[in-house]
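Line order of the protein sequences matches chains X and W.
Using the working numbering, the first residue of the first sequence is number 1, and each one after it goes up by one.
Using the working numbering, the first residue of the second sequence is number 1, and each one after it goes up by one.
Just so you know, these hints were derived from the structure itself, not from any lab.
Where hints are given, some of them may not hold.
The list that follows gives simulated cross-link-like pairs (lysine-lysine, BS3-like), each with its CA atoms no further than 27 angstroms apart [stated by the list, open to error]: (1) W/74 <-> W/98; (2) W/223 <-> X/117; (3) W/113 <-> X/117; (4) X/117 <-> W/142; (5) W/124 <-> W/4; (6) W/112 <-> X/213; (7) W/186 <-> W/142; (8) X/213 <-> W/113; (9) W/74 <-> W/129; (10) W/160 <-> W/124; (11) X/117 <-> W/4; (12) W/135 <-> X/213.
If you want a taste of the chain X side facing chain W, the calculated C-beta under 8 angstroms gives, among others [to be verified]: (13) 140; (14) 195; (15) 198.
Just so we're clear, the structure is a prediction, and the values are computed from it rather than from any experiment.
The beta-carbon is built from N, C-alpha and C at its ideal position, and this holds for glycine as well.
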Amino acid sequence: MPTFGHFIETLLNSYPVFFEGLWLTIRVTFVSVLIAVFIGLFFALFKISQSKILNWIANIYIAVIRGTPLIVQIFIFYFGLTEFNIPKFWAASIGLALHNGAYIAEIFRGSIQSIDKGQMEAGRSLGMSHTLAMRRIILPQAFRRALPPLGNQFIIGLKDSSLAAFIALPELFSVATTQGARTFDEMTYLLIVAVYYLVLVLIFTLLVNLLEKRLSASD
Amino acid sequence: MGEKAEMIRVEKLNKSFGDLHVLKDIDLEVNESDVVVLIGASGSGKSTLLRCMNFLEIKNSGNVIIEGETIDPKNNDLNKVRQRVGMVFQHFNLFPHKSVLDNVIEAPLTVKKLKRADAVKEGKELLAKVGLADKADVYPNKLSGGQKQRVAIARSLAMKPDIMLFDEPTSALDPELVGEVLSTMKSLAKEGMTMVVVTHEMGFAREVGDWVVYMHDGRIVEKGHPNDIFNEPKEQRTQDFLSSIL
């Protein structure tokens with residue numbers, strides 16, 4: 001085990017080495033979760049649609065994604081689709097987006113269905129179409145209700161982005177293992193990268209809490 | 001009654017939920033400026049009948065004729081029909097994520113595509129009319145039940161409907177808040193609004209109703225002027241019902 005002094009010293013001094021990886025992790029996370037929110041929204045709407053075909057498409061997608069490991073999905077995108085020459089960044093981002101999308105679809109489905117039926121009826125009774133009432137009345141409320149589990153899913157996505165190290169994307173975790181192997185000081189660098197993830201998650205949790213407070217003005 | 005225009009006509013209306021036959025051969029006419037009050041025990045079908053009138057429930061058979069036009073839910077644009085038939089719900093169903101004014105102007109903006117300035121002007125007038133001009137920027141969660149229901153009435157009026165349906169508008173209210181909603185409805189009736197009201201407020205039915213319709217077990221048992229129904233009901237079942245609640 002490294003001494004506490006050595007750990008702190010390396011943590012402070014290694015900042016320039018980690019900076020690129022940190023930035024890459026943040027980018028992969030934000031890009032993938034953003035895409036995942038759109039995927040999730042569409043599949044949630046598919047799932048609650050009247051159309052049996054759309055229901056099935058959503059069910060199959062969710063079953064396949066939830067039923068297979070994320071690392072397999074990322075490898076399929078990177079190694080399996082080499083003929084398309086997908087860059088590592090996008091292989092990781094799309095893999096993570098499709099993965100998180102399935103979970104986010106369930107989050108949205110739950111939050112949409114949790115909105116009181118009377119809200120849709122009130123919108124329809126005013127002459128709104130189903131689509132308009134969904135867009136103006138149901139979804140804004142459902143988004144608000146989905147925010148805590150979405151924040152949770154974002155944190156999972158952030159930590160799962162470390163799996164991109166296995167397709168040699170030089171993100172945070174990859175930097176830590178590379179540095180550890182180079183200096184034969186693995187434990188120090190693993191502890192450092194753990195601190196990075198922890199701080200990222202804490203900062204993000206704080207942001208989500210602030211957002212929730214602002215949006216709950218009408219509750 | 002002959003000189004007044006016919007606003008709603010229901011002919012041989014039947015509605016079932018699964019095996020439950022809720023409405024049985026209902027015939028009912030509502031003429032212009034009439035206030036028709038539907039009374040009856042819970043489960044007698046009065047709310048379902050009301051919901052069939054703006055197609056929140058779709059009949060199994062029979063006709064619903066709105067202002068002379070037989071509405072076929074398959075062929076008619078129900079969104080257009082519903083703009084003429086406003087509805088007020090037992091549980092208000094205000095949009096909690098929108099301010100009071102935004103609740104009122106939502107449909108004029110998005111359905112009628114009114115200019116914002118015009119919608120706001122009309123919305124504020126309607127809020128003043130229901131006595132809530134000072135609450136325009138407040139969110140619904142800050143209102144009492146009576147205030148919520150008055151906002152819901154204003155929201156419905158904002159589409160300038162020809163007919164207003166009220167589905168037990170005071171049933172979810174604390175007793176001391178019932179009066180303010182009923183007096184809003186009363187002034188609406190005085191202005192000549194055509195209204196169909198499902199309620200347990202017999203005082204309102206007697207005072208404001210032009211017609212009282214007693215329903216039992218999915219059928220209309222008796223229809224008449226309030227004085228006749230309340231003072232000398234013809235049917236035994238009407239008598240039983242009235243004596244059980246008065």
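Hint check:
1. W/74 <-> W/98: violated (32 angstroms)
2. W/223 <-> X/117: Violated, at about 32 angstroms.
3. W/113 <-> X/117: The hint holds at about 25 angstroms.
4. X/117 <-> W/142: Holds, at about 22 angstroms.
5. W/124 <-> W/4: violated (32 angstroms)
6. W/112 <-> X/213: violated (34 angstroms)
7. W/186 <-> W/142: holds (25 angstroms)
8. X/213 <-> W/113: violated (33 angstroms)
9. W/74 <-> W/129: violated (37 angstroms)
10. W/160 <-> W/124: Between residue 160 of chain W and residue 124 of chain W the Cα gap is close to 14 angstroms, so the pair holds against 27 angstroms.
11. X/117 <-> W/4: Violated, because 36 angstroms separates the two Cα atoms, which is more than 27 angstroms.
12. W/135 <-> X/213: holds (23 angstroms)
13. 140: At about 5 angstroms, which falls below the 8 angstroms cut-off, the nearest Cβ of chain W leaves the hint on residue 140 of chain X intact, so it holds.
14. 195: Violated, because the Cβ-Cβ distance from residue 195 of chain X to chain W comes to roughly 39 angstroms (cut-off 8 angstroms).
15. 198: violated (34 angstroms)
Going down the numbered hints, you'll see the structure goes against 1, 2, 5, 6, 8, 9, 11, 14 and 15, while the others check out.
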